[in-house]
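Enquirer: Following the hints, position chain B against chain A.
Sequences listed follow chains A and B, in order. Residue numbering for the first sequence follows our numbering, beginning at 91 and increasing consecutively. Residue numbering for the second sequence follows our numbering, beginning at 477 and increasing consecutively.
By construction, these hints were calculated from the structure, which means they are not laboratory data. For clarity, every value in this text was computed on a predicted model and none was experimentally measured. Virtual Cβ for every residue (Gly too), placed ideally from N, Cα, C. Possibly wrong hints are sitting among the right ones.
[What the hints assert, rightly or not] Sample of chain A residues facing chain B (criterion: CB under 10 angstroms; computed from the structure): (1) Q96; (2) F102; (3) R103; (4) L135; (5) F178; (6) A182; (7) P196; (8) G197.
[To be verified] Here are the simulated lysine-lysine pairs, PhoX-like style, with alpha carbons at most 20 angstroms apart: (9) B/K573 to A/K99; (10) A/K161 to B/K573; (11) A/K147 to B/K573; (12) B/K573 to B/K555; (13) B/K521 to B/K573; (14) B/K583 to A/K99.
[Said to hold, decoys possible] According to the in silico footprint, chain A covers these stretches of chain B (three or more CB under 8 angstroms from chain A): (15) 514 to 520; (16) 577 to 585.
In case you want the letters, here they are:
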Amino acid sequence: DGGITQSPKYLFRKEGQNVTLSCEQNLNHDAMYWYRQDPGQGLRLIYYSQIVNDFQKGDIAEGYSVSREKKESFPLTVTSAQKNPTAFYLCASSIAAVEETQYFGPGTRLLVL
Amino acid sequence: RKEVEQDPGPFNVPEGATVAFNCTYSNSASQSFFWYRQDCRKEPKLLMSVYSSGNEDGRFTAQLNRASQYISLLIRDSKLSDSATYLCVVPTGGGNKLTFGTGTQLKVEL
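So that you can see chain A by itself, here it is in the shape it has in the complex (with noise of 0.2 angstroms):
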């Protein structure tokens, strides 16, 4: 079966703790991202992959970084800069970048102890 799949499900992280989301997709879309969403509000963009070996800011990206080696996985790194790490995280692709619907994965709840 073709799609996304993140993990872990639910992670945690203590105080000044670097933690690594996993997204990997095997459906030879070119276009990765990664999402925040806080409860009751929007779906916020922390970074976006175009193409392998290439990624930019989205409108949230501080206390972030990502990576993109390989075509089918773009992992993403909290970092003990993000202060306020507590969301669900969402990763999403699409075929190409420009105006494409996106498909998500899962998702994976980051709480701090």
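Expert: Frame of chain A, contents of chain B only:
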């Protein structure tokens, strides 16, 4: 005007009712638009794409008014299973990214 703006609701309607949501957008250059459905604590899923004046899929109809810069979603014969949050989505940033509205919550009741 915000890039994408939706009435948050909730819209509480009886089963079988017809309900409509509006969404306004500010980027007049956008060519395609989307409605997503998001269930509680789940990921958004594509409901409909809108590329011209409108689109219809069964009980769901999306209409686009470019002059007034709004998109509407009409749901006929509402089912209990239609209860969800509906997200209006508009391309921004030169089309390289999508901006999501905060969503309109629908509750269909017996």
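Enquirer: So, for every hint listed, does it hold in this structure?
Expert: Results for each hint:
1. Satisfaction of the interface hint for A/Q96 is found here, the shortest Cβ-Cβ separation to chain B being roughly 9 angstroms, below the 10 angstroms cut-off.
2. About 17 angstroms separates the beta-carbon of A/F102 from the nearest beta-carbon of chain B, more than 10 angstroms, and the hint is not met.
3. At its closest, the beta carbon of A/R103 sits 19 angstroms from a beta carbon of chain B; the interface hint therefore is violated under the 10 angstroms criterion.
4. Hint status for A/L135: holds, given a least beta-carbon distance of 6 angstroms to chain B, under 10 angstroms.
5. For A/F178, the shortest C-beta to C-beta distance to chain B is roughly 8 angstroms, which falls under 10 angstroms, so the interface hint holds.
6. A hinted interface residue such as A/A182 counts as satisfied when its beta carbon comes closer than 10 angstroms to some beta carbon of chain B; here the least separation is about 8 angstroms, so the hint holds.
7. For the restraint placing A/P196 at the interface with chain B, the shortest Cβ-Cβ distance is roughly 5 angstroms, inside the 10 angstroms limit, so the hint holds.
8. The closest approach between the C-beta of A/G197 and any C-beta of chain B is roughly 5 angstroms, which is under the 10 angstroms cut-off, so the hint is satisfied.
9. At roughly 25 angstroms between alpha-carbon atoms, B/K573 and A/K99 are farther apart than 20 angstroms, so this suggested pair is violated.
10. Between A/K161 and B/K573 the alpha-carbon distance is near 18 angstroms, which keeps this suggested pair within the 20 angstroms criterion.
11. A threshold of 20 angstroms between alpha carbons decides the hint, and for A/K147 with B/K573 the separation of about 11 angstroms falls inside it, so the pair holds.
12. Distance restraint check for B/K573 and B/K555: the Cα-Cα separation of roughly 32 angstroms exceeds the 20 angstroms cut-off, and the hinted pair is therefore not satisfied.
13. Note on B/K521 and B/K573: the hinted pairing holds, with a Cα-Cα distance of about 17 angstroms set against a maximum of 20 angstroms.
14. This hinted pair does not check out: B/K583 and A/K99 have alpha carbons roughly 27 angstroms apart, beyond 20 angstroms.
15. Residues of the stretch 514 to 520 of chain B with a Cβ under 8 angstroms from some Cβ of chain A number 4, which satisfies the need for three, so the listed coverage holds.
16. As drawn, the stretch 577 to 585 of chain B meets chain A at 3 residues by the rule of a beta-carbon pair under 8 angstroms; at three or more, the given contact holds.
Hint violations for this structure: numbers 2, 3, 9, 12 and 14, all remaining hints satisfied.
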